[in-house]
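Chemist: The primary structure of each chain is shown beneath.
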Amino acid sequence: MNRAKALAGAAFAAPAFALMLALLIGPLLVLLALSVTDYRLGAMAVKLVGLGHYAALFQDEVFQRALRNTFLYVALVLPGAVFGGLGIALLVHARVRTRSFYEVIYFLPVTSTLVAMATVWQFMLHPSLGPVSAVFAALGMAGVDLLNDPSLALGTLAMIGLWQQVGFNMVLFLAGLSAIPRDLYEAAALDGAGGGIDRFLRVTWPLLGPTTMFVTITSTIAAFKVFDTVAVLTKGGPLGSTETLLYVLYLEGFQYFRTGYAAAMTIVLLAFLIILSLLQARVIDRRVHYA
Amino acid sequence: MRRRGLLGALLSHAVLLAGAVLMAAPFLWMLLTSIRPPEEVFGTVFNLIPTRFAGYENYRVALVESNLPRALLNGAIVCLGILAVQLLFAIPSAYALAKLKFRGREWLFGLVLFGLCVPIQVPALPLYLGLAQAGLLDSFFALMAPFFLTVFGMFLFRQFFRSYPDEVLDAARLDGMGEFEIVWRLAAPAALPAIAAFSIFSIVAHWNDLYWPLIVVTSAERSVPSLAILAFRDSETGGNYGALMAAAAITTAPLIIGFFAARRAFLRGITMTGPR
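Those sequence lines, one after another, are chains A and B. The numbering of the first sequence is UniProt numbering, which starts it at 1 and goes up by one. The numbering of the second sequence is UniProt numbering, which starts it at 1 and goes up by one.
There may be inaccurate statements among the hints.
[To be verified] Facing chain B, a subset of chain A residues (Cβ under 7 angstroms, in silico): (1) 5; (2) 23; (3) 115; (4) 187; (5) 190; (6) 272; (7) 274; (8) 275; (9) 279.
[Said to hold, decoys possible] Estimated spans, in silico, between C-beta atoms of each pair: (10) B:263 x A:192: 36 to 42 angstroms; (11) A:6 x B:132: 46 to 52 angstroms; (12) A:198 x B:174: 19 to 25 angstroms; (13) B:181 x A:257: 45 to 51 angstroms; (14) B:181 x A:198: 55 to 61 angstroms; (15) B:31 x A:45: 18 to 24 angstroms; (16) B:101 x A:240: 53 to 59 angstroms; (17) A:206 x B:136: 50 to 56 angstroms; (18) B:114 x A:149: 39 to 45 angstroms; (19) B:101 x A:62: 24 to 30 angstroms; (20) B:77 x A:139: 22 to 28 angstroms; (21) B:174 x A:21: 48 to 54 angstroms; (22) A:21 x B:178: 44 to 50 angstroms.
The hints are simulated quantities; they were obtained by calculation from the structure and are not laboratory data. Beta carbons are placed, not taken as given, at the ideal position from N, Cα and C, and that holds for glycine.
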């Protein structure tokens, strides 16, 4: 019986393992190999360049700027995504009859097609036809072009990213809030924790700790991978002010076809993602101990 | 005390409503513009509610003078094709990871965990080269193949199968059921809630995907919703904002209708990556 089970297990796992070789492990090995060559799509001769591409990345103005822009984007989105999500969740959680109404509205951007909604944003931000510019003009700031001003474009994309992400975090926080036992609040009240702020600091915040960590890391990863709004709205411009990591990677790999160089860039990207994921795994482990 | 509660409720409604208006504004603007006649879109006089209903002509332009119908159909084919293959591969392998001892099981699970942190952008370059070599670019296969493997699905289903009682499995074996039958006739039906949540997650992710289609699709025949809306915007009719907003509404409608129809399942499916 055990042999039959082992045989069945191997038979069930084999197709998935084959897919893994073809779609994950194989490509990764090819990527590593490509990253030390000067291969360009369609090139006849290929030369080894060792770690040259990696060294070049640290000299590359465009890559450095993309790295800075990406981190700045994450820094702009993160506080709003985490604390905004928490704040909305706290308010929504306290509502009874209107709870699902708010849940639906705040979650709507998460379910919708970002490319389609980005074209809507573009129209809303249109300098002469859009309602946002009308509001700006009414506030005495006529002529502000949020997507074409190099000092404002990245911030504008971050606001759109926040708009898209915050409802997702709200749902995660709502799940965390419903997991807090009611009697803890009663116990805190007996201990003299009277006001709402007191209750929040003594019960809600500490118990939400793991959720908050988790939301922070998933939001960081999501913001780190910003691509759609850049590709749809600014194409990295104006003056490279919205060039982000994935967008530059896309250009190098699939527009300029500097394959070897793009491969090295991908490895660097993967390194960042692995670090973030390891942090995430540690948070999930900690949560198990608390529970 | 009572009055403070009332005041607090009012205040919280005020904050939530203000936020809700900001969240919903693009959707309202999209829908209002999609029924607005051109003279009002470009006119100097602004009415929030259009004075003349131009929804019919805007939606007609969006559907007839664009590649949208084709792209929507392609999007449905791609999403369902990906999902079918994902389930076909992920369910038995997840069952094996959860319930059967075989050589290399820990290795395979380790690879699944590693795969969880690798997005499509990482293997994209070699996959593109491989597809180009095989002459398969700009095909349904190219659009779907990279996503046939779902380590996330494998991970999720494994967790689900682990809590399935071993006694039931042993009883089924004593009744003469083979492992193949057990997977598809016992374990998979029991995992239906997880399968439903995963299906929503997968369909939403691939309906909305831009990165991979942008790389492999070159012809209008293989266009998908996200590409079609970009193509429509950049075409000559793209300046017709009423029609463009109608196209955006059509593209995002299937998911939003699905969300309203199965709200709980959507919330679970999309946020399934959460800590719980």
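Chemist: For every hint, state whether the structure bears it out.
Modeler: Status of each hint after checking the structure:
1. Given hint, residue 5 of chain A at the interface with chain B, holds; its Cβ is 5 angstroms from that chain's nearest Cβ, closer than 7 angstroms.
2. Look at residue 23 of chain A: its Cβ gets to within about 5 angstroms of chain B, closer than 7 angstroms, so that hint holds up.
3. The restraint placing residue 115 of chain A at the interface with chain B holds, with a minimum CB-CB distance near 4 angstroms, inside the 7 angstroms limit.
4. Given the 7 angstroms rule on beta carbons, the hint for residue 187 of chain A is violated: about 21 angstroms separates it from the nearest Cβ of chain B.
5. A least Cβ separation of about 18 angstroms between residue 190 of chain A and chain B goes past the 7 angstroms threshold, and the interface hint is therefore violated.
6. Nearest Cβ of chain B to the Cβ of residue 272 of chain A: about 10 angstroms, over the 7 angstroms cut. The hint is violated.
7. With 7 angstroms as the threshold, the beta carbon of residue 274 of chain A comes within range of chain B, its nearest partner Cβ sitting at about 6 angstroms, so the hint holds.
8. Interface restraint check for residue 275 of chain A: the shortest CB-CB distance to chain B comes to about 9 angstroms, outside 7 angstroms, so the restraint is violated.
9. Violation of the interface hint for residue 279 of chain A is found here, the shortest Cβ-Cβ separation to chain B being roughly 10 angstroms, above the 7 angstroms cut-off.
10. For residue 263 of chain B and residue 192 of chain A, the Cβ-Cβ distance of about 40 angstroms falls inside the hinted range of 36 to 42 angstroms, so the restraint holds.
11. The beta-carbon spacing between residue 6 of chain A and residue 132 of chain B, approximately 40 angstroms, falls outside the hinted interval of 46 to 52 angstroms.
12. Range check, residue 198 of chain A to residue 174 of chain B: about 59 angstroms between beta-carbon atoms, so the 19 to 25 angstroms window is missed.
13. For residue 181 of chain B and residue 257 of chain A, the Cβ-Cβ distance of about 50 angstroms falls inside the hinted range of 45 to 51 angstroms, so the restraint holds.
14. For residue 181 of chain B paired with residue 198 of chain A, a C-beta distance near 59 angstroms keeps the hint of 55 to 61 angstroms intact.
15. Taken as a hint, the range 18 to 24 angstroms is violated for the pair residue 31 of chain B and residue 45 of chain A, whose Cβ atoms sit roughly 57 angstroms apart.
16. Separated by about 55 angstroms at the C-beta atoms, residue 101 of chain B and residue 240 of chain A satisfy the suggested range of 53 to 59 angstroms.
17. The hinted window of 50 to 56 angstroms between residue 206 of chain A and residue 136 of chain B holds, with their beta carbons roughly 54 angstroms apart.
18. Range check, residue 114 of chain B to residue 149 of chain A: Cβ separation about 42 angstroms, and the 39 to 45 angstroms hint holds.
19. Range check, residue 101 of chain B to residue 62 of chain A: Cβ separation about 51 angstroms, and the 24 to 30 angstroms hint is violated.
20. For the pair residue 77 of chain B and residue 139 of chain A, the supplied restraint of 22 to 28 angstroms is violated, since their beta-carbon distance comes to about 48 angstroms.
21. In this structure the supplied range 48 to 54 angstroms is violated for residue 174 of chain B paired with residue 21 of chain A, their Cβ-Cβ distance being about 36 angstroms.
22. With their beta carbons about 27 angstroms apart, residue 21 of chain A and residue 178 of chain B fall outside the hinted range of 44 to 50 angstroms.
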